[in-house]
Amino acid sequence: MHPLLIIYHELLQRYGKQGWWPLFACVGGNPTKTGSLQGYHPGDYSYPKNERQQFEICAGAILTQNTAWVNAEQALINLRTLRAVTPKSLMTLPDQALKKAVMPAGYFNQKAKKIREFTQCYLSLQGRAPTREELLAVWGIGNETADSILLYAYKIPVFVVDAYTKRIFSNLGFVDADAEYDEVQEIFTRHVPADMKIYQEYHALIVEHAKRHYGRGLDWKQCPLYRKYRRAPEKISLRWGSAGSLRAVAW
DNA sequence: AACCAGGACGTGA
DNA sequence: TCACGTCATGGT
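Take the first sequence: its position 187, counted from the start at 1, is 187 in our numbering, and no numbers get skipped.
In case anyone wonders, no lab produced these hints; they're calculated from the structure. Nothing here was measured: the structure is a model prediction, and the numbers come from that model. Wrong hints could be hidden among the right ones.
Heads up, simulated DMTMM-like pairs for lysine to aspartate or glutamate below, C-alpha to C-alpha not over 20 Å straight-line [as the list claims (entries may be wrong)]: (1) K221 / E10; (2) K155 / D176; (3) K197 / D95.
Here are the computed distance ranges between Cβ atoms for each label pair [unchecked claim]: (4) H9 / A129: 23 to 33 Å; (5) T86 / W139: 18 to 28 Å; (6) L123 / Q222: 24 to 34 Å.
Backbone N, C-alpha and C define an ideal beta-carbon position, used for all residues, glycine too.
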């Protein structure tokens with residue numbers, strides 16, 4: 001078994017199933033915080049159960065860009081209160097109201113626009129799943145957001161790479177510190193079975209691990225992964241990058 | 001009171 | 001391609 005898969009199992013054993021993506025818990029028809037009691041759904045991969053939840057995940061993926069989840073969550077709750085977490089109602093929402101609702105997630109000018117841009121794309125899909133290229137063509141949707149949407153909203157086995165993934169696994173010696181998104185993604189794709197459940201858990205587990213060991217004031221060199229699995233990127237092989245450039249990568 | 005959060009885009013070299 | 005700068009609120 002490849003170390004990247006061993007590490008996955010270790011994280012799973014340590015932290016347990018994460019139950020991503022966080023969804024609204026509805027108590028008495030009122031929106032409550034995601035992740036509270038019924039919000040997360042550890043071990044249940046049947047979500048999203050409907051288009052409402054599917055769209056909620058997409059909106060959340062945009063709102064949480066470079067932002068703590070609690071802030072994106074508050075923005076979602078505001079939208080939910082306005083009954084605007086649905087494509088049609090969101091498009092009829094005045095720009096001012098949208099920005100106000102999205103405010104706690106930060107970058108409210110940009111994120112209001114991003115959500116609108118995506119919603120337009122979402123409507124044009126008429127229920128079918130978008131391709132990665134279609135998502136990337138939307139203004140405001142980059143690599144990570146596109147892959148998060150594909151993986152969590154559409155259950156397509158695409159490995160999500162975030163800043164934590166790069167930090168942790170470059171520290172461990174599995175990828176270059178300056179590796180690009182696609183490069184990191186390809187390494188995981190190559191060694192981790194293309195199982196949507198595993199991909200969902202792995203990404204969530206990486207975030208959890210980072211929260212526990214990579215926060216400020218914490219020493220990531222003391223984390224259990226670093227002690228166990230750290231390896232020097234000694235074996236260097238030459239590979240062709242996506243742009244056709246030859247570059248050395250750790251193998 | 002800095003520093004950072006489950007990024008993405010625009011710009012000038 | 002590369003290296004910055006910009007966007008913005010809220011928690012620690």
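Results for each hint:
no.	hint	result
1	K221 / E10	holds, 17 Å
2	K155 / D176	violated, 29 Å
3	K197 / D95	violated, 37 Å
4	H9 / A129: 23 to 33 Å	holds, 29 Å
5	T86 / W139: 18 to 28 Å	holds, 21 Å
6	L123 / Q222: 24 to 34 Å	violated, 49 Å
Checked against the numbered hints above, the structure breaks hints 2, 3, 6 and satisfies the rest.
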